[in-house]
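Visitor: With the hints as a guide, bring both chains together as one complex.
These protein sequences, in sequence, are chains S and P. Start counting at 1 in the first sequence, then tack on 2, and there's your number in my numbering. So that you can map any letter, position 45 of the second sequence is 26 in my numbering, and since no number is skipped, the others follow by simple counting.
Since the hints were derived computationally from the structure, they do not count as laboratory data. Hints should not be assumed to be uniformly reliable.
Unchecked claim - Within a straight-line C-alpha distance of at most 27 Å, the following computed DSSO-like cross-link-like pairs (lysine-lysine) qualify: (1) Lys16/S - Lys90/P; (2) Lys75/P - Lys61/P; (3) Lys97/P - Lys16/S; (4) Lys59/S - Lys79/S; (5) Lys75/P - Lys302/S; (6) Lys16/S - Lys91/P; (7) Lys96/P - Lys111/P; (8) Lys49/P - Lys16/S; (9) Lys215/S - Lys54/P; (10) Lys27/P - Lys302/S; (11) Lys133/S - Lys104/S; (12) Lys(-6)/P - Lys215/S; (13) Lys16/S - Lys111/P; (14) Lys224/S - Lys90/P; (15) Lys75/P - Lys27/P; (16) Lys302/S - Lys224/S; (17) Lys96/P - Lys16/S; (18) Lys215/S - Lys178/P; (19) Lys61/P - Lys90/P; (20) Lys215/S - Lys(-7)/P; (21) Lys224/S - Lys16/S; (22) Lys49/P - Lys33/P; (23) Lys162/P - Lys96/P; (24) Lys61/P - Lys(-7)/P; (25) Lys75/P - Lys54/P; (26) Lys90/P - Lys215/S; (27) Lys131/S - Lys79/S; (28) Lys49/P - Lys302/S.
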Amino acid sequence: MFTTLGRILSSGLKGFYRNFTISISAILILLISLLSFASIYLALELIKPSVAQLEQKVDVNLYFETDAPEEIILELKRELEAIDEVASVEYVTKDQALADFKERQNSDVILAALESIGENPLGAAFNIKAKEISQYETISIFLAGAQISEKYAQAVEDVNYNQNKGAIDKLNTIIVSVERFGIAISVILAIIAVVITYNTIRVTIYTARHEIKVMRLVGASKFFARGPFITEGIFYGLFAGLLALVVLLTGLYYAGPALQEIFILDLYQFVIDDIFRIGGALILSGVVLGGVSSLLAIRKYLNI
Amino acid sequence: MIFLDGVSKEYKKGDVGLADISLSIERGEFVSLVGQSGAGKTTLIKILLGEKRPSAGGVFFDSVDITKIPSRKLNQYRRKIGVVFQDFRLLPDKTVFENVAFAMEASGKKDAQIKKDVPYVLKLVGLDEKIDRFPSELSGGQKQRVAIARAIVNQPDLIIADEPTGNLDPVNADEIIAIFKKINKMGTTVILTTHNKTIVDRLEGRVITMEGGRVTRDTVKGGFVL
Chain S
3 MFTTLGRILS
13 SGLKGFYRNF
23 TISISAILIL
33 LISLLSFASI
43 YLALELIKPS
53 VAQLEQKVDV
63 NLYFETDAPE
73 EIILELKREL
83 EAIDEVASVE
93 YVTKDQALAD
103 FKERQNSDVI
113 LAALESIGEN
123 PLGAAFNIKA
133 KEISQYETIS
143 IFLAGAQISE
153 KYAQAVEDVN
163 YNQNKGAIDK
173 LNTIIVSVER
183 FGIAISVILA
193 IIAVVITYNT
203 IRVTIYTARH
213 EIKVMRLVGA
223 SKFFARGPFI
233 TEGIFYGLFA
243 GLLALVVLLT
253 GLYYAGPALQ
263 EIFILDLYQF
273 VIDDIFRIGG
283 ALILSGVVLG
293 GVSSLLAIRK
303 YLNI
Chain P
-18 MIFLDGVSKE
-8 YKKGDVGLAD
2 ISLSIERGEF
12 VSLVGQSGAG
22 KTTLIKILLG
32 EKRPSAGGVF
42 FDSVDITKIP
52 SRKLNQYRRK
62 IGVVFQDFRL
72 LPDKTVFENV
82 AFAMEASGKK
92 DAQIKKDVPY
102 VLKLVGLDEK
112 IDRFPSELSG
122 GQKQRVAIAR
132 AIVNQPDLII
142 ADEPTGNLDP
152 VNADEIIAIF
162 KKINKMGTTV
172 ILTTHNKTIV
182 DRLEGRVITM
192 EGGRVTRDTV
202 KGGFVL
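Same shape as in the complex, but just chain P (with noise of 0.2 Å):
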């Protein structure tokens, strides 16, 4: 479903985000990115959502190579895609309701469907006892839930939660990652990357490990190794 052809990333003082990485990720897969701060993991996230572009090389989504996508048709691509972020990033005059129907309203779905989805996709991740809630009401646990609602609320065919659990204790992050496995069983592929060792030995998975802007390690059901 992704695949990296040689992929580089330069910054403008020559500091080297990747180098020349490729690799490829089957539909259905549950993979864990790890690896020390400044490896190239969010670097790597950025360049799968077109929020930046690579340096060298191809970034393949279906056979699409979306490094040649304009700008202004990025939205389309990026709807196929859920995405869970560290610090949450609810927009904050929003209710929990407001922010999960935000995802469909974009992507252009009937009133009458987001009435439908985005209390089911909140009972899944257990919230919908504070749909009217807004985000600085809730707890970190809870805020990340939302963020999670709305990534998979338009039933996309990626996940990419970037370091999920950073801000979360031990029993909140479990259950973050509880939900991820359920979505990742539902059939939705899922890329995660995390400081965590607990999670990433528990999820006996792949492991594609990191080091200085390279793909040190790639086991198909690997732990957690630096």
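If we strip away everything but chain S, and leave its shape as in the complex, we get (with noise of 0.2 Å):
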């Protein structure tokens, strides 16, 4: 068995070098195809936190009576955060929100104007965040079903929700497209790349046609015969995986600060921390893919 196995090796591998022009073009086609799929990947992960970034901006705010009592808001804090959709609940309190308006004012005149009035005119409010962009919707039900409660109602001054309510669907549906248009691109992707490296190495095979035919008639078994084409194919994606690693850190070390500046990421680090995950993804794809090309390809001269 592991004679026959070695031979199987041994002869993959002269049968790689041997034919080396055949063997580059194979490498390049894999390379192309795992590099598609790296770019892809990488371009989800690199607006991921841009993504992130915006939604963390997002969020719905709630505003109280000047007069609504502390022990009501604090009822409804926690009424908030016990829905399962909340993330959290910043109170902001009356005094804090007219010490964050007089920094915000350093106008004299309307800081001479609030002194006039001699008392806070500013209601507290919550910054309610939600764990996921889609759920401010349930949580703008809720407290939609507060402002009208008779509870709430004279404490409540106004949701904010609605306002944003544009800007937020919009995101919402910006993010779902864009993750939806990179799953779609990487699955046409990848048949594509399935279908050209499957043709490269059925040329591969079909100039070796003859030799197949040869070795079933000398009494090599399927497997035998199989073998040193199959070998082969995984030497093609193993080096293709490990050029397209080559490629990509390269192309990421020089490109990645200009990236950076753009999105926040920084696509050589995140690649360099993720490096076993990252190409041991890369090398695998390449290897199945070529292992399985040379198998489908192989099978159709193999049955004499």
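Guide: Here you go:
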């Protein structure tokens, strides 16, 4: 068994370097396929932090009347925090609201006007964040209910969700579309990659079809005749995977800083941090793509 | 050793490859199979190799019906047969040594035996000095000798040679036939198809003549008659 495996391996290796030109073209095709996969994956990773940053900026604000009693406010806060969809409720007290306002308005006239009123004209407020952007709808329904409920109607002045609703919905649509688009493109590219790789390897095997026939006629088992070609396919994938990793790292090393200025993520560092997973995935995809293509391509010529 | 029982082969469009052929070949015979192109010689050989299956009839090799052997097990049957083709069919990426060794590797022989047997058979066919050459560096006659070396290296019971001299000049052709005679003397059954009248007449062995997919003559010590 080991002798057979050893013979298949060594025969595959010999085929690999004796048909150097064919091997190189197969590797290049695989390399392009793998790089497309990697680019899409990284592009999706790249926009993730930007989207997350945008998501962080979205919240729903609830404003209380100036005379809203503290215990009502705290009770509503508890009720809000009990909702699954709510990530956090930031309570801005009347005093805090005034302090924030003063800090923002450094115009003396306004500050003087504020002084002349004599009392704090601002109400307390909640800044509510949802765990996911799609959940603001649920929270807003709850808030709308609270606004007209017997208990809170007196205390709540306004909820600004409806003002933000358009922006939130739009962002939500964009995020969903980007993800769908990315997945669709990946799937299409994957199919193209498999077809092209399969065809390239089929050509290399087509040139060897007589060889396969001769192998069968001198008494080689299917496994023994197929082995060297699958070994070759696996080697194509192995080299293509390694090469893709090198190309990717080199490219990101130079393009990374520029990308980091537009997006937030340092892609080079991102790949380096996850080198074993990303490199492993590249090499494994290459090996599977090369091996399976060979296996499919050789089937036709084995049946004698 | 070989027994064909009413073997017929029809192709898809109704063309007849072989029509009801029955014959037997004994161990140690040297059989020449002659006939014009399209007479069915190659079809018969492909059926003997299990490369094609007959439409009807049985093909027995040492009492085993080879038409019943499943495709994945055919290789074990083929190891009992050495084949030589008109177009040599060497593996172009392998050296002379590797081409011959391949047949032994395929049948799972030990490395030590391969290292011993391959040079021996190459010496037998007179190619011991070309052991590290690639097929593209050899002449037609030399390529055919490599093919013969590959065919005999597993010490098969039967050698099938399909027009082995078809691409060779008369001198090389004679040498190749001489090698087959030598192999036959050592006890191996040989089936040889050919167009070459001189060769058949000089062999003075059994001649099976085919025409239109049928056996028209079968003479124990015959000549080339069409």
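Visitor: Decide, hint by hint, whether the structure agrees.
Guide: Verification of the hints:
1. Lys16/S - Lys90/P: With Cα atoms ~20 Å apart, Lys16/S and Lys90/P stay inside 27 Å; holds.
2. Lys75/P - Lys61/P: Holds, at about 23 Å.
3. Lys97/P - Lys16/S: Holds, at roughly 22 Å.
4. Lys59/S - Lys79/S: holds (20 Å)
5. Lys75/P - Lys302/S: holds (23 Å)
6. Lys16/S - Lys91/P: It holds: about 20 Å lies between the C-alpha atoms, which stays within 27 Å.
7. Lys96/P - Lys111/P: holds (15 Å)
8. Lys49/P - Lys16/S: It is violated: about 36 Å lies between the C-alpha atoms, which goes past 27 Å.
9. Lys215/S - Lys54/P: holds (15 Å)
10. Lys27/P - Lys302/S: Cα-Cα ~18 Å, so holds.
11. Lys133/S - Lys104/S: This hinted pair is violated, its Cα atoms lying about 31 Å apart.
12. Lys(-6)/P - Lys215/S: Satisfied, since the Cα-Cα distance of roughly 25 Å is no more than 27 Å.
13. Lys16/S - Lys111/P: Judged against 27 Å, a Cα distance of about 20 Å means the pair holds.
14. Lys224/S - Lys90/P: Holds, at about 17 Å.
15. Lys75/P - Lys27/P: Distance of about 25 Å is within 27 Å: holds.
16. Lys302/S - Lys224/S: Judged against 27 Å, a Cα distance of about 12 Å means the pair holds.
17. Lys96/P - Lys16/S: holds (19 Å)
18. Lys215/S - Lys178/P: violated (30 Å)
19. Lys61/P - Lys90/P: holds (14 Å)
20. Lys215/S - Lys(-7)/P: Distance of about 22 Å is within 27 Å: holds.
21. Lys224/S - Lys16/S: With a Cα-Cα distance of about 19 Å, the restraint between Lys224/S and Lys16/S holds, given a limit of 27 Å.
22. Lys49/P - Lys33/P: holds (12 Å)
23. Lys162/P - Lys96/P: The given pair, whose Cα atoms are some 26 Å apart, holds under the 27 Å limit.
24. Lys61/P - Lys(-7)/P: Given pair Lys61/P, Lys(-7)/P is violated - Cα atoms ~30 Å apart, limit 27 Å.
25. Lys75/P - Lys54/P: holds (25 Å)
26. Lys90/P - Lys215/S: Answer holds: Lys90/P to Lys215/S is near 20 Å, not above 27 Å.
27. Lys131/S - Lys79/S: holds (12 Å)
28. Lys49/P - Lys302/S: Holds - the C-alpha atoms of Lys302/S and Lys49/P are around 21 Å apart, at most 27 Å.
In this structure, the hints that do not hold are numbers 8, 11, 18 and 24, in rising order.
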